[in-house]
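There are 2 protein chains.
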Amino acid sequence: MKDHTDIVSLMADIGARARAAAADLAVASAESKRRALEAAADAVLAARANILAANAEDLAYGRNKGLSAAMMDRLALDEARLAGIVAGLRAVAAQDDPVGEVLAEWDQPSGLHIRRVRTPLGVVGVIYESRPNVTADAGALCLKSGNAVILRGGSESFHSSAAIHACLVAGLRAAGLPEDAIQLVPTRDRAAVQAMLTMTDTIDVIVPRGGKGLVGLVQREARVPVFAHLEGIVHIYIDRAADPEKALRVVLNAKTRRTGVCGAAECLLVHRDIADTIGQGVIRGLIGAGVEVRADAALRGIAGTVAAADGDWGREYLDSIIAVKVVDDIDDAIGHIRRYGSNHTDCIVTEDDAAGARFFARLDSAILMRNASTQFADGGEFGMGAEIGIATGKMHARGPVGAAQLTSFKYLVEGDGTVRS
Amino acid sequence: MKDHTDIVSLMADIGARARAAAADLAVASAESKRRALEAAADAVLAARANILAANAEDLAYGRNKGLSAAMMDRLALDEARLAGIVAGLRAVAAQDDPVGEVLAEWDQPSGLHIRRVRTPLGVVGVIYESRPNVTADAGALCLKSGNAVILRGGSESFHSSAAIHACLVAGLRAAGLPEDAIQLVPTRDRAAVQAMLTMTDTIDVIVPRGGKGLVGLVQREARVPVFAHLEGIVHIYIDRAADPEKALRVVLNAKTRRTGVCGAAECLLVHRDIADTIGQGVIRGLIGAGVEVRADAALRGIAGTVAAADGDWGREYLDSIIAVKVVDDIDDAIGHIRRYGSNHTDCIVTEDDAAGARFFARLDSAILMRNASTQFADGGEFGMGAEIGIATGKMHARGPVGAAQLTSFKYLVEGDGTVRS
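If you read the protein sequences in the order shown, they are chains A and B.
Residues 1 to 421 (this note's numbering) are what the first sequence spells out, left to right.
Residues 1 to 421 (this note's numbering) are what the second sequence spells out, left to right.
With the rest of the complex left out, here is chain A (with noise of 0.2 angstroms):
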């Protein structure tokens, strides 16, 4: 590789190669894709143990640093965590395959056929904290999708990083398919971050994964297009034709299954009118799961709340702890997700169909939910194999952001020496 003395000419010369190889990425075969994946999570399996040799080098610098157990959490491999890479790997592969496929087909009054068909954006950029696994996934959907990647991964799991691109690039070996296009950014220099920023020529779009720190700064200084990540301020409603039963479940998996996740359930609303019914019984619950409730003034008479304040409202914990407050009616409900909700994920629990109907029709939330976990939340879940993030803007993508969503389309016309009048 050639000696970069500094970084923006080192970030040049990776673009350069990831726009040409998105150039042969785009009319690769299915079966060489599939092949190159599959070769990969055969790779990631035979080198096990150089890849965990790698993170525990990691987690030593991360323990000198100081890293909170969160943080260390989210670093750390084990034999169970490399099998969800490896499956994960597999399930990319075995999807069918987006590019090309035929969107939408119709013949004109002009005698024009027209087909609309998904092509790949081209070359995508993705910074990401922490998780080892976002490089096999990442990597994963864009060579799915037909796009080169260019990944950018947290200091802190560099070593880690680095061993599982070494068997994504076995893999792209495999097929016969350019190791460029999966590449990884060889230096920890924040500089590396900024320069994919602002390279508009190079890059379609960034995906920035991580903590409100990376994502404000991608939104503050890209020009490049970004897939906003923004907090996950997820609400469940309790409404007054609720299931008991459902509402205990839903609600106590929506907030403890994992409470770091962006799907967590953060504010629970009542309806007035089952507040000491089903309402009850649900904070009972919450509180006995170790769950710390904040309490409106009509809730904090129940034994172990606490009292709520302005700030619990519209808040994302990622703690085991939920804001509650009571509802006169659905659409008091509905106004204060419009107020204080994320547009992520938010969820009725109601066996009124009309309820239900009117929740999915006046909130523009990426994912609506009825009498289901918000914990639901996840590409996986969603049958996308794998997923690159979930992407709060309207623009482009929205929710899970799998290798369907990393593409776009083109028009292919066809006439017979046709002519406009």
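Quick caveat, the hints were computed from the structure, so don't treat them as lab data.
The hints are all genuine.
Derived, one-sided and incomplete: chain A residues facing chain B with beta-carbon distance under 10 angstroms: (1) ASP243; (2) ALA247; (3) ASN253; (4) ASP364; (5) HIS396; (6) PHE409.
Nothing here was measured: the structure is a model prediction, and the numbers come from that model.
C-beta atoms are modelled at their ideal positions from N, C-alpha and C, and glycine is treated no differently.
Starting from the known structure of chain A, arrange chain B on it as the hints suggest.
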């Protein structure tokens, strides 16, 4: 209306009213939107004399300002163009309503039932120059897709746009829809444009319709997502296996039907093997039609051509001029288009299906055509009723932007008290 001491607060007020209208439009019935568009069409018909009088005022202003003949033509309305505006409104009224359309529906092994449904984007900003009909087209398409729209027309068409806008508002009123659904910025002050480009909390996407100056300004300054409408550097490649008669007909129409539209052909690539036969015939036809043909060394021998310079490749003339060169084969043509094209519209004339398929697969233009005039690069010709522009970027919309492209989607997920393990 409030008295505003500065443009920023005027635009903030317009934005807030657009957001409020968007919330109502998101749940407006298809019938009410259809009725509003039909009533608007009726209003335009009834107000013909008034609109033409307003246009006369704009034309007088334009003459004083010394606008070019081309600009005056873009500005001018007459009975025929008004009939076109009316027809466009009725065409959009008659279309299927995109909002709520189920794009995909499936069941997951977990028991979840998932639907992906179309939603409006929210608030669209349209910044345009000269053409008064954009007021009607953009207003209609945004309304149809459930979006509120903020229209900022050129100062040359100020009075014409206002007269047409009044008819759109009459249509909204007749259907009981909020009048703020379609707002026209009531000031010629350029600061209003600047404000729109940065209203990221209020405007979801901006569509610029105009010349290089406007589009460039928007690209540079916009923080709001933009549907890029870049140059139409349109190529036609006449393949070795081209039908001579189709080639002549398609090329003549593509160049001369209307030279000022983005779909007008600007460069002809001719396969070496048929340069002396089909190539010569087509070039002679162009010269006979009054087109200035700038030829490379290989074709310069044809009487009536002039010499092409380096700057003629990748150039959009928007005039009765075309650049012509010989290529060795289809891959040479593809290479030239990849280097010099603008990914707008490119065409191959051939009877060879394999060549047609290769051209379609290896180029990434928004529109790829075979044996059809590039003048068909138009939303109306694609069956969209009208178009708000042709997007050349790859994010969210590509090619002609009709009502369906002004939408996003959300997921509706139903369970039965379903929780994630």
